[in-house]
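Please construct the entire structure, taking both the sequences and the accompanying hints into account.
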Amino acid sequence: MAAQILSAIFVIIIGVGGCVAYFWGANKLLDLIFPSRGVSGAAAVDNLRRQGLIRPWLFVGPAMIILTIYLIYPVVETLRLSFLDRGGVNFVGLANYEWAFGDREFRNSILNNVLWLAVVPAACTFLGLIIAVLTDKIWWGTIAKSLIFLPLAISFVGASVIWKFIYEYRGEGQTQIGIFNAIIQHFGGEPQVWISLPFWNNFFLMIILVWIQTGFAMVILSSALRGIPEETLEAAVIDGANPFQIFWKIMVPQIWGTIAVVWTTITILVLKVFDIVLTMTNGQWNSQVLANLMFDWMFRGGGDFGRGATIAIIIMIAVIPIMVWNIRQANRETGGH
Amino acid sequence: MAVATGNSFASRFGVHIAVLVFVTIWTIPTLGILVSSLRVKDQIIASGWWNSFSSSSQTEAGRLPAASTQVQKDGKYVIEGNVFGDGAKRDISAFGVKSAAPTQYPAGTPADLGDGVTLQVNADGSFVLASPKAFEGDRGQRVYYASSAPPKFTTDNYKTVLFSEGIGRSFMNSLTVTIPATVIPILIAAFAAYALAWMRFPGRALLIAVIIGLLVVPLQMSLIPLLKLYNGVGTFFGVPSKTYLGIWLAHTGFGLPFAIYLLRSYIAGLPREIMESARIDGASDFEIFVKIVLPLSFPVLASFAIFQFLWVWNDLLVAMVFLGTEADQIVLTAKLNALLGSRGGDWEILTTSAFVTIIVPLIVFFSLQRYFVRGLLAGSVKGG
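Those protein sequences? They're chains A and B, same order as listed. The opening position of the first sequence corresponds to residue 1 in my numbering, with each subsequent residue numbered one higher. The opening position of the second sequence corresponds to residue 1001 in my numbering, with each subsequent residue numbered one higher.
Careful: at least some of the hints might be erroneous.
[Said to hold, decoys possible] No farther apart than 20 Å at their CA atoms in a straight line, the calculated lysine to any residue pairs in the SDA-like style are these:
{"#": "1", "chain 1": "A", "residue 1": "K28", "chain 2": "B", "residue 2": "E1287"}
{"#": "2", "chain 1": "B", "residue 1": "K1291", "chain 2": "A", "residue 2": "Y22"}
{"#": "3", "chain 1": "A", "residue 1": "K272", "chain 2": "B", "residue 2": "L1317"}
{"#": "4", "chain 1": "B", "residue 1": "K1291", "chain 2": "A", "residue 2": "G17"}
{"#": "5", "chain 1": "B", "residue 1": "K1242", "chain 2": "A", "residue 2": "L84"}
{"#": "6", "chain 1": "B", "residue 1": "K1228", "chain 2": "A", "residue 2": "Q4"}
{"#": "7", "chain 1": "B", "residue 1": "K1152", "chain 2": "A", "residue 2": "G303"}
{"#": "8", "chain 1": "A", "residue 1": "K272", "chain 2": "B", "residue 2": "G1213"}
{"#": "9", "chain 1": "B", "residue 1": "K1228", "chain 2": "A", "residue 2": "V75"}
{"#": "10", "chain 1": "B", "residue 1": "K1228", "chain 2": "A", "residue 2": "I69"}
{"#": "11", "chain 1": "B", "residue 1": "K1228", "chain 2": "A", "residue 2": "G301"}
{"#": "12", "chain 1": "B", "residue 1": "K1228", "chain 2": "A", "residue 2": "L84"}
{"#": "13", "chain 1": "B", "residue 1": "K1291", "chain 2": "A", "residue 2": "A26"}
{"#": "14", "chain 1": "B", "residue 1": "K1242", "chain 2": "A", "residue 2": "A8"}
{"#": "15", "chain 1": "B", "residue 1": "K1242", "chain 2": "A", "residue 2": "R300"}
{"#": "16", "chain 1": "B", "residue 1": "K1228", "chain 2": "A", "residue 2": "I72"}
{"#": "17", "chain 1": "B", "residue 1": "K1242", "chain 2": "A", "residue 2": "I12"}
{"#": "18", "chain 1": "B", "residue 1": "K1291", "chain 2": "A", "residue 2": "V16"}
{"#": "19", "chain 1": "B", "residue 1": "K1291", "chain 2": "A", "residue 2": "N27"}
{"#": "20", "chain 1": "A", "residue 1": "K137", "chain 2": "B", "residue 2": "L1294"}
{"#": "21", "chain 1": "B", "residue 1": "K1242", "chain 2": "A", "residue 2": "Q4"}
{"#": "22", "chain 1": "B", "residue 1": "K1041", "chain 2": "A", "residue 2": "T175"}
{"#": "23", "chain 1": "A", "residue 1": "K137", "chain 2": "B", "residue 2": "A1094"}
{"#": "24", "chain 1": "A", "residue 1": "K137", "chain 2": "B", "residue 2": "V1023"}
{"#": "25", "chain 1": "B", "residue 1": "K1041", "chain 2": "A", "residue 2": "N27"}
{"#": "26", "chain 1": "A", "residue 1": "K28", "chain 2": "B", "residue 2": "A1283"}
{"#": "27", "chain 1": "B", "residue 1": "K1242", "chain 2": "A", "residue 2": "T175"}
{"#": "28", "chain 1": "A", "residue 1": "K137", "chain 2": "B", "residue 2": "H1016"}
{"#": "29", "chain 1": "A", "residue 1": "K137", "chain 2": "B", "residue 2": "K1291"}
{"#": "30", "chain 1": "B", "residue 1": "K1242", "chain 2": "A", "residue 2": "S7"}
{"#": "31", "chain 1": "A", "residue 1": "K28", "chain 2": "B", "residue 2": "G1345"}
{"#": "32", "chain 1": "B", "residue 1": "K1228", "chain 2": "A", "residue 2": "R80"}
{"#": "33", "chain 1": "A", "residue 1": "K28", "chain 2": "B", "residue 2": "L1294"}
{"#": "34", "chain 1": "A", "residue 1": "K272", "chain 2": "B", "residue 2": "V1015"}
{"#": "35", "chain 1": "B", "residue 1": "K1228", "chain 2": "A", "residue 2": "G303"}
{"#": "36", "chain 1": "B", "residue 1": "K1242", "chain 2": "A", "residue 2": "I5"}
{"#": "37", "chain 1": "B", "residue 1": "K1291", "chain 2": "A", "residue 2": "D31"}
{"#": "38", "chain 1": "B", "residue 1": "K1228", "chain 2": "A", "residue 2": "F91"}
{"#": "39", "chain 1": "B", "residue 1": "K1242", "chain 2": "A", "residue 2": "V11"}
Please keep in mind that the hints were generated in silico from the structure rather than gathered at the bench.
Structure, rendered in structure tokens:
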């Protein structure tokens, strides 16, 4: 273990030192090859121009290399693999896609993902907005926000343990140690193994993600609400609008852009949701989702790369509209350059 | 937002109540595992954690020793002992001999079982069963009792999970993964962000668009090709394919789009005059970056560092694909996942392990919340 810590420290030094050495060294080298000082005027101008052409690439070079290896190449390779067999050797055409749409588990995953997409972003945004509005009105709002924000720092696995403990089941009539069943039993209901109830268990898993992500929505929306011009609200009050009208007709329309950002961000997160399903049910009792199914096929029976890649591509296709929207939005903000 | 809506007492009161309800719902889950991790195992099973500050009471059943242990005393046949045996002692409030009436007799009073047989169970669990005739048979008397145990808190669970369940080792592994994976991307991203913000070169707009596109590419797209690549490299050079170096680089790659995006939008917002005047003074881009941009960008670098730290610490997927499951490599999240399988119902182990895994993020989060929120606001286009 000591060796492991030493090697970690060593890597930090090498990594940071290497980065510094690269950027400093490459920069120095460029100055040496195309000197701008101590040469005649015309040559200096020429060399400065050459430096200006090359230097940006020295700066973005390392990032581009890493991005190419870790993201750009894999996207292309995953697409290619989705047309190959399990070992990634023989071309099988669309066989993997045909398998996917005929597979019961895959169709179940698609259905569940659609459910997650319909519920979680909406619930997080709605709850986040309500809490943001309410906490802005009270003196201990900051503390309240911190506490609601807190789950965002907790890992999905940690959150799963936390909620598994909440859903813990004991037979009817026994002392319930899971708070959820205890409350239900207290009010005369029948305790259930909530995460194994087909269809409904999806919602019990979604609650975990809503619990984590509401704080995110709340913080972003809260800051957007603060940006609403005071005059618009005052005018509404003078005109005799009630709080609900002010909320729905004055505040919400002014922060549509932010709501869209929060919504899409959580949507992407939902498409990738994996840890919660893996740890809570591992896809049993019809609770499978695409990301967990993909992970499953990566290793199932020694791994089926073709099918795994196909499922990844399906997730990617769902993300593409948001990706295009983001790029357009960013281009508009920077004025197209 | 200090709007004069709902100024009446009732509606302001309603707002306080509503927020209190939300805060309670959001806090209770975490509180549950914190409290449970400090309780002893027997009590976790016996009562809900929300009752942990009151004595836990339960009704139990036992069987007294068989006839072979009887002794003769004062002309009577007597069996003595303790219903708890050598186990943990609790307080008995009442006992009985019929399952229909398990608390028929108060503790410390003799109960008449008929035929002159008496049984007395005391509060400390000691009992005396006496009869004028010799006891027979090899099955002892059935006895029921209601016992209660005072609330008992302990840190033993933490000792257990840290030193014998392997959580301590995993904690070190998580640190080993997280710190380099947080530090390495920062400098690489900062240089790229500066170039994309302040240097003019052909292809810049395209690069920015590519990076914004990569922000939302699901991690799932990278897993299989990288797994193949790592296996290939491992076989080619005859080295293991699951290494810390591999996961450091993987996290660097996955974190870079967000890092560049976040840093670029901040660095692009730095005042132009500072850069121009430095340039007029003859400073090169490299000098401007190191002496002006880096120091001014401290807040955004801190934001990114916190994000990346939390992301890597909390990650399960990348760790499961690129690291092994042996003790020398398994990180906290993966270990917790493994414990969920192997120690399914042992809540004292699970709650404690869960709390150990979330304590570091919580500390980072509470101490650096300002930077965290700033990063969140600046980078909320990112897919998480």
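Against the structure, the hints come out as follows:
{"no.": "1", "hint": "K28/A x E1287/B", "in the structure": "holds (11 Å)"}
{"no.": "2", "hint": "K1291/B x Y22/A", "in the structure": "holds (17 Å)"}
{"no.": "3", "hint": "K272/A x L1317/B", "in the structure": "holds (10 Å)"}
{"no.": "4", "hint": "K1291/B x G17/A", "in the structure": "holds (18 Å)"}
{"no.": "5", "hint": "K1242/B x L84/A", "in the structure": "violated (25 Å)"}
{"no.": "6", "hint": "K1228/B x Q4/A", "in the structure": "violated (25 Å)"}
{"no.": "7", "hint": "K1152/B x G303/A", "in the structure": "violated (48 Å)"}
{"no.": "8", "hint": "K272/A x G1213/B", "in the structure": "holds (16 Å)"}
{"no.": "9", "hint": "K1228/B x V75/A", "in the structure": "holds (13 Å)"}
{"no.": "10", "hint": "K1228/B x I69/A", "in the structure": "holds (12 Å)"}
{"no.": "11", "hint": "K1228/B x G301/A", "in the structure": "holds (16 Å)"}
{"no.": "12", "hint": "K1228/B x L84/A", "in the structure": "holds (14 Å)"}
{"no.": "13", "hint": "K1291/B x A26/A", "in the structure": "holds (17 Å)"}
{"no.": "14", "hint": "K1242/B x A8/A", "in the structure": "holds (15 Å)"}
{"no.": "15", "hint": "K1242/B x R300/A", "in the structure": "holds (19 Å)"}
{"no.": "16", "hint": "K1228/B x I72/A", "in the structure": "holds (15 Å)"}
{"no.": "17", "hint": "K1242/B x I12/A", "in the structure": "holds (19 Å)"}
{"no.": "18", "hint": "K1291/B x V16/A", "in the structure": "holds (17 Å)"}
{"no.": "19", "hint": "K1291/B x N27/A", "in the structure": "holds (15 Å)"}
{"no.": "20", "hint": "K137/A x L1294/B", "in the structure": "violated (38 Å)"}
{"no.": "21", "hint": "K1242/B x Q4/A", "in the structure": "holds (14 Å)"}
{"no.": "22", "hint": "K1041/B x T175/A", "in the structure": "holds (15 Å)"}
{"no.": "23", "hint": "K137/A x A1094/B", "in the structure": "violated (54 Å)"}
{"no.": "24", "hint": "K137/A x V1023/B", "in the structure": "holds (15 Å)"}
{"no.": "25", "hint": "K1041/B x N27/A", "in the structure": "violated (62 Å)"}
{"no.": "26", "hint": "K28/A x A1283/B", "in the structure": "holds (14 Å)"}
{"no.": "27", "hint": "K1242/B x T175/A", "in the structure": "violated (45 Å)"}
{"no.": "28", "hint": "K137/A x H1016/B", "in the structure": "holds (9 Å)"}
{"no.": "29", "hint": "K137/A x K1291/B", "in the structure": "violated (43 Å)"}
{"no.": "30", "hint": "K1242/B x S7/A", "in the structure": "holds (15 Å)"}
{"no.": "31", "hint": "K28/A x G1345/B", "in the structure": "violated (62 Å)"}
{"no.": "32", "hint": "K1228/B x R80/A", "in the structure": "holds (13 Å)"}
{"no.": "33", "hint": "K28/A x L1294/B", "in the structure": "holds (19 Å)"}
{"no.": "34", "hint": "K272/A x V1015/B", "in the structure": "violated (35 Å)"}
{"no.": "35", "hint": "K1228/B x G303/A", "in the structure": "holds (11 Å)"}
{"no.": "36", "hint": "K1242/B x I5/A", "in the structure": "holds (17 Å)"}
{"no.": "37", "hint": "K1291/B x D31/A", "in the structure": "holds (18 Å)"}
{"no.": "38", "hint": "K1228/B x F91/A", "in the structure": "holds (17 Å)"}
{"no.": "39", "hint": "K1242/B x V11/A", "in the structure": "holds (16 Å)"}
Hint compliance for this structure: hints 5, 6, 7, 20, 23, 25, 27, 29, 31, 34 are not met, and every other hint is.
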